[in-house]
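Participant: Chains A and B, in that order, are what the protein sequence lines are.
FYI, in my numbering the residues of the first sequence are 1 to 522.
FYI, in my numbering the residues of the second sequence are 1 to 522.
If you are wondering where the hints come from, they were derived from the structure by calculation, not from laboratory data.
Please note that a few of the clues may not be correct.
[Unchecked claim] Here are the simulated lysine to any residue pairs, SDA-like style, with alpha carbons at most 25 Å apart:
| # | chain 1 | residue 1 | chain 2 | residue 2 |
| --- | --- | --- | --- | --- |
| 1 | B | LYS522 | B | THR27 |
| 2 | A | LYS208 | A | ALA190 |
| 3 | B | LYS208 | B | LYS234 |
| 4 | B | LYS35 | A | PHE360 |
| 5 | B | LYS11 | A | PRO380 |
| 6 | B | LYS30 | A | ASP88 |
| 7 | B | LYS61 | A | VAL475 |
| 8 | B | LYS30 | A | GLY389 |
| 9 | B | LYS35 | A | ALA28 |
| 10 | A | LYS522 | B | GLU38 |
| 11 | B | LYS35 | B | PHE130 |
| 12 | B | LYS121 | A | GLY213 |
| 13 | A | LYS446 | B | ALA141 |
| 14 | A | LYS453 | B | HIS41 |
| 15 | B | LYS30 | A | PHE22 |
| 16 | B | LYS374 | A | ASN450 |
| 17 | A | LYS16 | B | LYS208 |
| 18 | B | LYS61 | B | PRO189 |
| 19 | A | LYS16 | B | ARG101 |
| 20 | B | LYS11 | A | VAL56 |
| 21 | B | LYS473 | A | GLY318 |
| 22 | B | LYS457 | A | PRO105 |
| 23 | A | LYS486 | A | PHE448 |
| 24 | A | LYS30 | A | GLY401 |
| 25 | B | LYS11 | A | GLN99 |
| 26 | A | LYS30 | B | ASP404 |
| 27 | A | LYS473 | B | ALA315 |
| 28 | B | LYS35 | A | GLN408 |
| 29 | B | LYS11 | A | ASN450 |
| 30 | A | LYS35 | B | ALA433 |
| 31 | B | LYS30 | A | GLY213 |
Bear in mind that the values here come from a model prediction, so they are computed numbers and not experimental data.
Protein chains: 2
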Amino acid sequence: MAKTKGPRRPKAETPKGFRDYFGHEVTARKAMLDKIAEVYHRYGFDALETSAVETVEALGKFLPDVDRPNEGVFAWEEDADWLALRYDLTAPLARVAAQYRQDLPTPYRRYAMGPVWRNEKPGPGRFRQFYQCDADTVGAASVAADAEICAMLSDALEEVGIPRGDYVIRVNNRKVLNGVMEVAGILDPADPEKFASERGIVLRAIDKLDRLGVEGVRALLGEGRKDESGDVTKGAGLRTEQIQRIMTFIDVSLQFGPEAQARSKKIAMMGRPMMFLGGSNPSASAVKFLRAVVSDSEQGIEGVYELEQIASLLAAQGYGPDRIIIDPSVVRGLGYYTGPVFEAELTFSIEDEKGRPRQFGSVAGGGRYDDLVKRFTGQPVPATGVSIGVDRLLAALQAKGRLDTTAQGPVVVTVMDRDRMSDYMGMVADLRAADIRAEMYLGNPKNFGNQLKYADKRGSPIAIIQGGDEAAKGVVQIKDLILGAKIAQQATVEEWKSQPAQIEVARENLVQTVRDILDRHK
Amino acid sequence: MAKTKGPRRPKAETPKGFRDYFGHEVTARKAMLDKIAEVYHRYGFDALETSAVETVEALGKFLPDVDRPNEGVFAWEEDADWLALRYDLTAPLARVAAQYRQDLPTPYRRYAMGPVWRNEKPGPGRFRQFYQCDADTVGAASVAADAEICAMLSDALEEVGIPRGDYVIRVNNRKVLNGVMEVAGILDPADPEKFASERGIVLRAIDKLDRLGVEGVRALLGEGRKDESGDVTKGAGLRTEQIQRIMTFIDVSLQFGPEAQARSKKIAMMGRPMMFLGGSNPSASAVKFLRAVVSDSEQGIEGVYELEQIASLLAAQGYGPDRIIIDPSVVRGLGYYTGPVFEAELTFSIEDEKGRPRQFGSVAGGGRYDDLVKRFTGQPVPATGVSIGVDRLLAALQAKGRLDTTAQGPVVVTVMDRDRMSDYMGMVADLRAADIRAEMYLGNPKNFGNQLKYADKRGSPIAIIQGGDEAAKGVVQIKDLILGAKIAQQATVEEWKSQPAQIEVARENLVQTVRDILDRHK
Numbered sequence: 001m002a003k004t005k006g007p008r009r010p011k012a013e014t015p016k017g018f019r020d021y022f023g024h025e026v027t028a029r030k031a032m033l034d035k036i037a038e039v040y041h042r043y044g045f046d047a048l049e050t051s052a053v054e055t056v057e058a059l060g061k062f063l064p065d066v067d068r069p070n071e072g073v074f075a076w077e078e079d080a081d082w083l084a085l086r087y088d089l090t091a092p093l094a095r096v097a098a099q100y101r102q103d104l105p106t107p108y109r110r111y112a113m114g115p116v117w118r119n120e121k122p123g124p125g126r127f128r129q130f131y132q133c134d135a136d137t138v139g140a141a142s143v144a145a146d147a148e149i150c151a152m153l154s155d156a157l158e159e160v161g162i163p164r165g166d167y168v169i170r171v172n173n174r175k176v177l178n179g180v181m182e183v184a185g186i187l188d189p190a191d192p193e194k195f196a197s198e199r200g201i202v203l204r205a206i207d208k209l210d211r212l213g214v215e216g217v218r219a220l221l222g223e224g225r226k227d228e229s230g231d232v233t234k235g236a237g238l239r240t241e242q243i244q245r246i247m248t249f250i251d252v253s254l255q256f257g258p259e260a261q262a263r264s265k266k267i268a269m270m271g272r273p274m275m276f277l278g279g280s281n282p283s284a285s286a287v288k289f290l291r292a293v294v295s296d297s298e299q300g301i302e303g304v305y306e307l308e309q310i311a312s313l314l315a316a317q318g319y320g321p322d323r324i325i326i327d328p329s330v331v332r333g334l335g336y337y338t339g340p341v342f343e344a345e346l347t348f349s350i351e352d353e354k355g356r357p358r359q360f361g362s363v364a365g366g367g368r369y370d371d372l373v374k375r376f377t378g379q380p381v382p383a384t385g386v387s388i389g390v391d392r393l394l395a396a397l398q399a400k401g402r403l404d405t406t407a408q409g410p411v412v413v414t415v416m417d418r419d420r421m422s423d424y425m426g427m428v429a430d431l432r433a434a435d436i437r438a439e440m441y442l443g444n445p446k447n448f449g450n451q452l453k454y455a456d457k458r459g460s461p462i463a464i465i466q467g468g469d470e471a472a473k474g475v476v477q478i479k480d481l482i483l484g485a486k487i488a489q490q491a492t493v494e495e496w497k498s499q500p501a502q503i504e505v506a507r508e509n510l511v512q513t514v515r516d517i518l519d520r521h522k
Numbered sequence: 001m002a003k004t005k006g007p008r009r010p011k012a013e014t015p016k017g018f019r020d021y022f023g024h025e026v027t028a029r030k031a032m033l034d035k036i037a038e039v040y041h042r043y044g045f046d047a048l049e050t051s052a053v054e055t056v057e058a059l060g061k062f063l064p065d066v067d068r069p070n071e072g073v074f075a076w077e078e079d080a081d082w083l084a085l086r087y088d089l090t091a092p093l094a095r096v097a098a099q100y101r102q103d104l105p106t107p108y109r110r111y112a113m114g115p116v117w118r119n120e121k122p123g124p125g126r127f128r129q130f131y132q133c134d135a136d137t138v139g140a141a142s143v144a145a146d147a148e149i150c151a152m153l154s155d156a157l158e159e160v161g162i163p164r165g166d167y168v169i170r171v172n173n174r175k176v177l178n179g180v181m182e183v184a185g186i187l188d189p190a191d192p193e194k195f196a197s198e199r200g201i202v203l204r205a206i207d208k209l210d211r212l213g214v215e216g217v218r219a220l221l222g223e224g225r226k227d228e229s230g231d232v233t234k235g236a237g238l239r240t241e242q243i244q245r246i247m248t249f250i251d252v253s254l255q256f257g258p259e260a261q262a263r264s265k266k267i268a269m270m271g272r273p274m275m276f277l278g279g280s281n282p283s284a285s286a287v288k289f290l291r292a293v294v295s296d297s298e299q300g301i302e303g304v305y306e307l308e309q310i311a312s313l314l315a316a317q318g319y320g321p322d323r324i325i326i327d328p329s330v331v332r333g334l335g336y337y338t339g340p341v342f343e344a345e346l347t348f349s350i351e352d353e354k355g356r357p358r359q360f361g362s363v364a365g366g367g368r369y370d371d372l373v374k375r376f377t378g379q380p381v382p383a384t385g386v387s388i389g390v391d392r393l394l395a396a397l398q399a400k401g402r403l404d405t406t407a408q409g410p411v412v413v414t415v416m417d418r419d420r421m422s423d424y425m426g427m428v429a430d431l432r433a434a435d436i437r438a439e440m441y442l443g444n445p446k447n448f449g450n451q452l453k454y455a456d457k458r459g460s461p462i463a464i465i466q467g468g469d470e471a472a473k474g475v476v477q478i479k480d481l482i483l484g485a486k487i488a489q490q491a492t493v494e495e496w497k498s499q500p501a502q503i504e505v506a507r508e509n510l511v512q513t514v515r516d517i518l519d520r521h522k
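Construct the entire structure; sequences and hints are all you get.
Facilitator: Here it is, written out as structure tokens:
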């Protein structure tokens with residue numbers, strides 16, 4: 001059975017977890033990124049494209065999956081160094097900000113777009129190479145920089161086609177979360193390393209509030225949680241009064257989340273009645289409640305004050321709670337955030353494969369990371385920024401029918417006589433010179449049916465035909481494939497007759513006739 | 001001396017041979033690629049973006065540097081597989097053409113743009129990550145496909161700003177070269193593996209004709225060559241009559257190269273008088289001479305016939321010898337070419353660092369590679385394509401002053417009163433809403449001089465100033481930084497007075513005044 005003659009053939013496969021993008025998948029993404037870049041540029045941000053390869057030590061270890069500190073990147077050894085593919089666009093920015101600190105303006109506003117790579121277990125819809133689109137301001141300590149990033153993100157989302165009301169940008173502050181931890185007795189400002197693992201569990205639990213519900217979170221804060229399958233997740237082991245402190249904060253989160261109403265319904269279904277307290281300005285109310293929750297933690301109070309400033313700066317520019325709100329439940333996975341954190345959530349629902357409505361969820365996130373550049377320079381350098389999940393945002397636009405995926409194929413000039421290739425290429429050249437997308441059929445011309453099948457597969461609007469007879473008369477046949485398809489699908493014989501899908505015109509009228517047909521189908 | 005306290009800081013450095021691109025370096029490249037993509041699209045080519053990571057076996061070993069068959073790529077092991085970064089865009093296309101052969105149209109015209117990686121020794125101006133921009137047609141055996149690629153390359157070069165006359169596309173055919181080898185007795189059609197190393201030396205020698213001159217090539221065909229430093233390069237060890245056969249071909253090459261005149265001067269200086277025989281249609285004459293040189297080699301005759309067809313198809317579309325010519329001296333380094341090969345050369349000279357004129361040379365190349373897809377499928381699949389060296393083409397446009405590298409900085413709204421941030425952000429928001437690039441100064445506002453220095457570093461055209469007095473009066477100061485710089489440079493005191501570089505306007509006239517000043521400087 002085995003056929004072992006000749007050398008073994010390589011497998012024609014993308015490596016596991018990688019994929020290729022075809023045609024409009026490439027151009028639709030490009031069109032979206034172009035629009036975002038325009039917004040970033042208008043805000044004064046400059047383009048930066050860093051090398052895809054970095055030293056492992058420059059990248060650092062900041063991936064969310066803390067259980068695998070040595071994995072997560074694609075790395076290889078070179079001489080004494082380890083090199084790796086970047087896993088995000090923030091770590092390279094920190095390196096650039098340190099490397100070129102004498103030459104760059106301060107503050108340095110930059111945007112970056114490109115692929116990043118993560119050595120994770122691939123799964124359905126989960127890839128190991130994906131696009132990010134980031135904007136960051138390095139060297140600005142003021143929360144005005146955070147507010148600007150949020151406003152810019154809002155503009156960018158609207159620019160690509162997410163209308164106001166279909167998204168909300170939720171802002172929180174790590175300092176507030178730290179304040180809550182301090183009040184609960186699991187953060188000692190004098191010894192920040194103490195209780196680090198407990199805090200990690202608490203943050204992850206809050207981050208999963210939507211999915212686990214209040215009782216799930218409470219279990220994780222205490223002894224741990226057993227899920228439906230019987231798997232047990234280790235808890236933080238907090239005492240009852242500590243848990244109560246954090247649950248008070250969770251209450252505030254639940255009342256001011258963007259989906260507070262929707263969520264309160266869901267929570268009610270999970271056995272806990274809720275009331276929506278947002279009111280006309282949920283941000284202002286949230287601030288009031290948060291101040292009570294962080295009690296006398298210095299860091300917590302500072303965090304609440306910063307949130308107030310952000311809300312007021314944004315309001316001055318017209319960005320009200322219909323676009324950007326304070327939401328205490330935002331946590332963000334990455335370990336390096338030190339201040340404001342933000343997340344853009346799409347609030348419309350789409351139907352999943354089984355026709356059930358599903359919230360779209362987060363498409364962008366970011367925050368302040370004042371210590372990343374310090375890793376290199378030893379000097380503190382404040383920084384803040386946002387990253388848009390390009391593939392998710394594209395999927396959202398697709399789901400909303402806002403992507404043009406019907407890229408039109410070229411006009412196909414068919415080949416009737418193999419020895420008159422020059423004539424056909426001349427026609428193609430004329431069409432292209434008139435800025436009409438066109439090509440000559442380059443496959444084996446023997447079977448004419450194959451040529452029309454090819455035109456069909458390309459989504460061609462028009463096929464051009466010129467046999468020997470037509471050539472002698474100086475004419476060409478122009479076949480309107482769009483009309484032809486419509487007639488074949490719907491029309492009666494009468495209609496067919498009145499609308500000829502194929503016409504004969506003089507060779508010199510080829511370009512004009514093609515243009516007329518294309519215009520008609522626009 | 002050593003300060004070892006705290007953890008060791010990572011070095012803020014790109015790995016050796018890698019670099020970052022800033023601001024207009026990114027946007028100028030993007031603008032150029034956008035123009036090229038437009039041409040490719042008009043020709044009916046579809047976008048494709050393959051994964052950056054491939055299996056090593058799918059990539060194959062086709063890098064030009066045959067001395068290091070196992071190197072050249074960045075690779076790492078994963079489970080049982082070796083993965084690597086792509087070293088060009090052709091090998092991934094061959095994989096795609098095999099993997100999706102049921103779904104793709106035949107022929108499949110695709111373009112691709114993106115970085116590729118080569119694990120080579122870095123040197124000055126020689127990087128291990130660089131951009132390529134390719135277009136290929138898979139599944140078309142006809143030389144019409146090769147002709148189309150050449151025409152498209154010509155259009156693309158003119159579209160990005162290389163005027164006709166400043167470039168030439170040189171076309172040759174590997175089959176002609178094989179014919180010459182056959183005639184010289186170093187290619188046996190019945191046993192293609194025989195004399196492979198001799199042929200390798202001969203091809204490399206012809207490829208270096210420009211640099212080594214005729215006598216250098218002759219030495220490499222025979223016993224070898226000693227260069228000025230005394231280093232010896234091994235020769236092919238051919239017999240005198242074999243060498244003579246190849247030198248006859250070299251003669252033809254020299255007479256029909258695009259730079260034949262320039263080169264004949266250079267060769268004359270190297271002690272060998274030359275005459276330019278090009279005439280009004282160098283392609284037609286070259287074909288005549290080549291037919292004589294390949295004598296009765298079947299493959300050689302076929303190659304010459306293909307060149308004739310290409311020249312005639314191109315002529316029918318108006319691409320004459322002012323743009324595309326037959327040039328027997330084109331070899332191309334890559335091992336996988338099987339038919340027509342082409343190269344785009346810029347024919348203008350630029351000045352090097354020392355002010356000496358220098359030819360710009362090759363910016364694109366390609367050819368037919370009918371066996372690449374066969375590696376995967378076992379079935380022969382004809383293919384042809386071209387790759388543009390993006391960085392070289394950009395450098396050429398830069399040298400010709402055709403790149404817009406003066407990207408204008410944003411209007412900078414300065415911060416006089418730290419507690420009126422909302423006012424300043426409001427101004428910025430108004431400017432941005434009017435589509436004017438603008439930002440608020442986000443650094444420490446204490447030192448006002450720093451704010452103006454920042455505006456200068458950003459290349460800002462205008463700075464906006466509003467202190468407490470102005471705020472009370474409802475006005476702003478608008479500082480025209482471009483005019484200010486001109487005045488500081490050239491003007492006398494009288495002129496300075498007549499042209500105020502700073503004016504006071506009502507807050508509500510801010511946007512209009514800024515727009516007027518920007519328009520004036522356009």
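Participant: Has the given pair, LYS473(A) with ALA315(B), been kept, meaning a C-alpha gap of at most 25 Å?
Facilitator: Cα-Cα ~23 Å, so holds.
Participant: Hint check: LYS121(B) vs GLY213(A), CA-CA at most 25 Å. Holds or violated?
Facilitator: With a Cα-Cα distance of about 56 Å, the restraint between LYS121(B) and GLY213(A) is violated, given a limit of 25 Å.
Participant: Under the criterion that the straight-line Cα-Cα distance not exceed 25 Å, is the pair LYS522(A), GLU38(B) satisfied?
Facilitator: 20 Å, holds
Participant: Run the distance test for LYS30(B) versus GLY213(A): straight-line Cα separation, threshold 25 Å.
Facilitator: Answer violated: LYS30(B) to GLY213(A) is near 47 Å, above 25 Å.
Participant: Given the proposed pairing of LYS446(A) with ALA141(B), does the C-alpha separation stay at or below 25 Å?
Facilitator: 13 Å, holds
Participant: Regarding the pair LYS61(B) and VAL475(A), is the alpha-carbon distance no greater than 25 Å?
Facilitator: At roughly 50 Å apart (the allowed maximum being 25 Å), VAL475(A) and LYS61(B) break the hint.
Participant: Are LYS522(B) and THR27(B) close enough, with their CA atoms no more than 25 Å apart?
Facilitator: The hint holds at about 19 Å.
Participant: If you draw a straight line from the CA of LYS35(B) to the CA of ALA28(A), is it 25 Å or shorter?
Facilitator: 17 Å, holds
Participant: Would the pair LYS35(A) and ALA433(B) pass a check requiring their Cα atoms to be no farther apart than 25 Å?
Facilitator: 15 Å, holds
Participant: Run the distance test for LYS61(B) versus PRO189(B): straight-line Cα separation, threshold 25 Å.
Facilitator: Distance ~24 Å between LYS61(B) and PRO189(B) Cα, so the pair holds.
Participant: Does PHE448(A) sit within 25 Å of LYS486(A), going by the straight-line distance between their CA atoms?
Facilitator: Distance of about 22 Å is within 25 Å: holds.
Participant: With the threshold set at 25 Å, check whether the alpha-carbon distance from LYS11(B) to PRO380(A) stays at or below it.
Facilitator: With a Cα-Cα distance of about 16 Å, the restraint between LYS11(B) and PRO380(A) holds, given a limit of 25 Å.
Violated hints for the displayed structure, listed by number in ascending order: 2, 4, 7, 12, 17, 29 and 31.
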